[in-house]
Amino acid sequence: MKCGYCGHEFAEEEGIRGCGKCGKPGRCSMVRCPKCFYENPPELKMVKRLKSFLKKEKS
Amino acid sequence: MGLFKKKASCHSVQAEPQSSGKKVVLVGNPNVGKSVLFNALTGSYVTVSNYPGTSVEVARGSASIAGGQYQIIDTPGMYSLLPITEEERVAREILLNESPDVVLHVLDARNLERMLTMTLQLIDAQLPVVLVVNIMDEAEHMGLSIDIPLLQEKLGIPVIGAATAKKRGLDEIRQAIAGFDRKKHAVFGYSKRLESDIDSVAQLIAGDYPLSRKSLALLLLQRDEEVTDLILSREGENAAIAEMVREKIFERRESFHLDLSMERKGIVKGLLADVLTIPEKRKVTFSERLSRWAVRPMTGVPLLLVVLYFGLYKFVGDFGAGTLVDFLEGTIFEAYFNPWITRVINGLVPWEIIRELFVGEYGVITLGLRYAVGIILPIVATFFLFFSLLEDSGYFPRLALLVDRVFKRIGLTGRAVIPIVLGFGCDTMATMVTRTLETVRERVIATLLLALAIPCSAQLGVILALLSKAPGALLAWSICLLLIFLVIGFLAAKLMPGETPMFYMELPPMRLPQLSNVFTKTYTRMQWYFMEILPLFILASVLLWIGKITHFFEKAVEGLSPVMASLGLPKEVAVAFIFGFFRRDYGAAGLYDLQTKGILNGRQLTVAAVTLTLFIPCVAQFLIMKRERGMKVALAIGVFVSVLAFGSGYLLNQFLLVTRLL
Ligand SMILES: [Zn+2]
Chain A
1 MKCGYCGHEF
11 AEEEGIRGCG
21 KCGKPGRCSM
31 VRCPKCFYEN
41 PPELKMVKRL
51 KSFLKKEKS
Chain B
1 MGLFKKKASC
11 HSVQAEPQSS
21 GKKVVLVGNP
31 NVGKSVLFNA
41 LTGSYVTVSN
51 YPGTSVEVAR
61 GSASIAGGQY
71 QIIDTPGMYS
81 LLPITEEERV
91 AREILLNESP
101 DVVLHVLDAR
111 NLERMLTMTL
121 QLIDAQLPVV
131 LVVNIMDEAE
141 HMGLSIDIPL
151 LQEKLGIPVI
161 GAATAKKRGL
171 DEIRQAIAGF
181 DRKKHAVFGY
191 SKRLESDIDS
201 VAQLIAGDYP
211 LSRKSLALLL
221 LQRDEEVTDL
231 ILSREGENAA
241 IAEMVREKIF
251 ERRESFHLDL
261 SMERKGIVKG
271 LLADVLTIPE
281 KRKVTFSERL
291 SRWAVRPMTG
301 VPLLLVVLYF
311 GLYKFVGDFG
321 AGTLVDFLEG
331 TIFEAYFNPW
341 ITRVINGLVP
351 WEIIRELFVG
361 EYGVITLGLR
371 YAVGIILPIV
381 ATFFLFFSLL
391 EDSGYFPRLA
401 LLVDRVFKRI
411 GLTGRAVIPI
421 VLGFGCDTMA
431 TMVTRTLETV
441 RERVIATLLL
451 ALAIPCSAQL
461 GVILALLSKA
471 PGALLAWSIC
481 LLLIFLVIGF
491 LAAKLMPGET
501 PMFYMELPPM
511 RLPQLSNVFT
521 KTYTRMQWYF
531 MEILPLFILA
541 SVLLWIGKIT
551 HFFEKAVEGL
561 SPVMASLGLP
571 KEVAVAFIFG
581 FFRRDYGAAG
591 LYDLQTKGIL
601 NGRQLTVAAV
611 TLTLFIPCVA
621 QFLIMKRERG
631 MKVALAIGVF
641 VSVLAFGSGY
651 LLNQFLLVTR
661 LL
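Protein chains in written order, with full-length UniProt numbering: chain A, 1 to 59; chain B, 1 to 662.
Accuracy of the hints is not assured; some may be wrong.
Claimed, not checked - Not everything, but these chain A residues come out facing chain B in the computed CB check (under 7 Å):
hint : residue
1    : Gly4
2    : Tyr5
3    : Gly7
4    : Glu9
5    : Ala11
6    : Glu13
7    : Phe37
8    : Tyr38
9    : Pro41
10   : Leu44
Hints listed in this document are in silico derivations from the structure and should not be mistaken for laboratory results. Yeah, the Cβ is synthetic: ideal placement off N, Cα and C, and Gly gets one too.
Work the whole structure out from these sequences, hints included.
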């Protein structure tokens, strides 16, 4: 994914997530850019599934 | 910054991954699209683990290409085979230790000349290199033309032009991996003198290594410690190498690095002759022009105002908080849903007090759900849509550069744009992000300003909706907040000792927002926000209901009425302030309710909106302040903000009464 602030490209796993300390009920699922710490919303599970499905179809 | 630190653990050394098959290693500078390519090749089976003995994470995944199984390894960014950072060291370790079958060197077509030197080093090392010239689309946009077949001919390795983010070139990359022929590789000649130096060292190296002797000799001559250790440990008593290296280094003294890099640059120049064509006068694209406008104060400030006017005022204020809220709240809830659910509950529940809980004045459904769905939802939806559009266009870093000059005056740098901009989303998370600022001073100032003058998205939306019906009030509100933001920031910077650090940021290119990105981001943010507020709204309704049945609420309103009176406000407004303590947007929504009942005139509306915006951050934000800055600072900010809010409200009211402006 691409950071919405600094444009840094990183794999979703590389991002910093789930700090769980902001006091919000439930878990905030945002992915923080490892370079500038900007909060990026992660790709929807649905979209991800669709993408991997299309990829499988193709190959 | 402890929280953000990557987990460094030397115990997470993983057993070699399950998948056998050939190994493909991705290398290249940071930000050339390696991760995108990695994801495109691997799909979902990916493990990320620390590289043994380091805090650097390495991703591995498997891929099936042309019927064969491959293990794909993504390395941290590296600039050269001679490592400087820990990341680079790990990347080279992988090249040394994992004996890759294919090394995909990914580089940025826009910086071909700078990045090709590493390709030379990889070829020198006789690694099985496939070159991926990525980001071709944007290079073409800039008017650069790159003759890929010619470059391939000159380099003697497979070269593929790609734009992995746009899925261009992926099939060719897969083909190149599947059909890779190790035997073919080019050799580049350095100057006679350098070649003979390299040769005299390389000849003495006897053992078998994953890198070529030439490359090892070069690294030895550059005094690479790890390679020196490696050679010493393998070659044992062969002291001749060390002696020869010492001699050659002595002959060339300090000039070796410089000579080598000059020669490499020369080779790259030769390679790029006829391959890379740069237009005489480079075409300046519209996005580049827009980018320049956005950063320069003369054009940037008007542009910002245009963006705010159309984005916030017209779209969020007029359309979201006006049209949409009127429909959802006014028509759906007030006219249909609330009367219906009230009838249903009244018919089902015989006890007045329980009925009150659900459908009374502060009922969970008639108030909580109505506020959440009818007022907040359309507002945050339009706000997040606007926010995601701006974000995806790459505008925010430009905004950071634009405001850096002003921010310096208030003790902040452009870096603080992230927390401040995020504050318009939610001040709570923005307060947490202030820890990314460089100095404690900057952090405290940013925390204070967030608590004081930055309304969160929902509050902002509701207030915009409220005030857009009275343009004078909106203008007064904007001026008041901007003024207080700047004055308090300026004073805080004067009072707090310390320097303002430097700020510099590399600008990613501006682009047309992509619909799918904007949709995904808007949806995710909304989903997250809504899941968060709905229970809170319901909880707040319950608390208000308890307040009502215990008459605590009346007493609180009574108690606050002198304060309200001094602000020139009717005592009902106290309700909005009490709401606001639970959540900022709840308070604003309360004010919205009062406005629709026609209780407030223009002056009262302005005073109430300004005071409420300035007034105490919600409970969650206070707790975060306490955690981030400590109890003392949090309390000080809380007290200061409350006093300043009511003080400003009082003064504003007096001012408006005297001048009769509103
Ligand atoms: Zn970033």
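Going by Cβ atoms only, is Pro41(A) closer than 7 Å to chain B?
Given a least distance of 4 Å, the restraint on Pro41(A) holds.
Restraint outcome when Phe37(A) is required to lie within 7 Å of chain B by C-beta distance:
Nearest chain B Cβ about 4 Å off; hint holds.
* How about Tyr38(A): closest beta carbon in chain B under 7 Å, or not? -> holds, 6 Å
> Hint check: is the beta carbon of Leu44(A) less than 7 Å from a beta carbon of chain B?
Replying inline: With Cβ-Cβ at 6 Å, under 7 Å, it holds.
At a threshold of 7 Å, is the proposed contact between Glu9(A) and chain B supported by beta-carbon distances? holds, 5 Å
Checklist entry - For the hint on Glu13(A), does the least C-beta distance to chain B fall short of 7 Å? => result holds, 5 Å
- Query: Hey, does the Ala11(A) contact hint survive, CB to chain B under 7 Å?
  - Reply: OK, holds: Ala11(A) within 7 Å of chain B, min 5 Å.
How about Gly7(A): closest beta carbon in chain B under 7 Å, or not? Nearest chain B Cβ about 2 Å off; hint holds.
Check your understanding: Are Tyr5(A) and chain B close enough, Cβ to Cβ, to be under 7 Å, as the hint says?
Key -> Cβ of Tyr5(A) sits 5 Å from chain B, so the hint holds.
- Message: Quick check on Gly4(A) please, does its C-beta sit within 7 Å of some C-beta on chain B?
- Response: With a minimum Cβ separation of about 4 Å from chain B (threshold 7 Å), the hint on Gly4(A) holds.
Checked against the numbered hints above, the structure breaks none of them.
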